[in-house]
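Read in order, the letters of the sequence shown correspond to residues 0 to 184 in numbering that gives the first Met the number 0.
Hints were generated in silico from the structure; no laboratory data involved. Note that this is a predicted model, so its numbers are computed, not measured. Worth double-checking, as some hints may not be accurate.
The calculated lysine-lysine pairs, modelled on DSS-like cross-linking and capped at a C-alpha distance of 30 Å, are [to be verified]: (1) LYS145 - LYS81; (2) LYS59 - LYS108; (3) LYS59 - LYS98; (4) LYS61 - LYS130; (5) LYS153 - LYS103; (6) LYS163 - LYS153.
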Amino acid sequence: MQNKVNLELKYFCNDFSPIRKILKELNAKKVGTFFQKDYFFNLPQSDIKIHPRLKLRIQKGKQTIIYYKRRAFQENKSNQAKVSLLSVKDKKLLPYLKKVLGIKATVYKKRELWKKGNTIFNLDNILTVGKIFEIETTKNSKESEKEFNFYKQKFLPYLDKIIKDSNLDLILKKSIKSHSNNLDH
0 MQNKVNLELK YFCNDFSPIR KILKELNAKK VGTFFQKDYF FNLPQSDIKI HPRLKLRIQK
60 GKQTIIYYKR RAFQENKSNQ AKVSLLSVKD KKLLPYLKKV LGIKATVYKK RELWKKGNTI
120 FNLDNILTVG KIFEIETTKN SKESEKEFNF YKQKFLPYLD KIIKDSNLDL ILKKSIKSHS
180 NNLDH
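Could you put together the complete structure from these sequences and hints?
Pasting the structure below:
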């Protein structure tokens, strides 16, 4: 199991072209492009400010269970997230978690992953939501915050509105909006 603390930020992004250009200028390495399916499970909510999330990610047939806690993203601030990841091979895990916890929502995305040092850059295209750019720096020294802020300033001019919530919340809001629009007709 891997445990880490990340500094994270997430923004809508209409055009990834300038983002890719900057990533190349920074000598970031493109790791690849992946299709991911994230199953988010129902969890009890004990703290309104910090929402725990449990998801099973399936990518190229591999399963990773991911548990994380973080506050909503804020403009011009790094956001700490406590993340635990565990690779699992048991194909019965999804039906088991579905039965025990229930699936809250499923997120489908195409992820273009870039990396430089201990920072990951995600260029995501999420079904029904759109394009999202995310920076995740693993916090392992005092330099991590400086590194994170440097990247944030580089990309900020090319980003749109900050996303305060998780992809799960974006999908749920879309679903509620879609259902309420259907009621109007």
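Broken hints, by number:
Violated hint (a single one): 5; every other hint is consistent with the structure.
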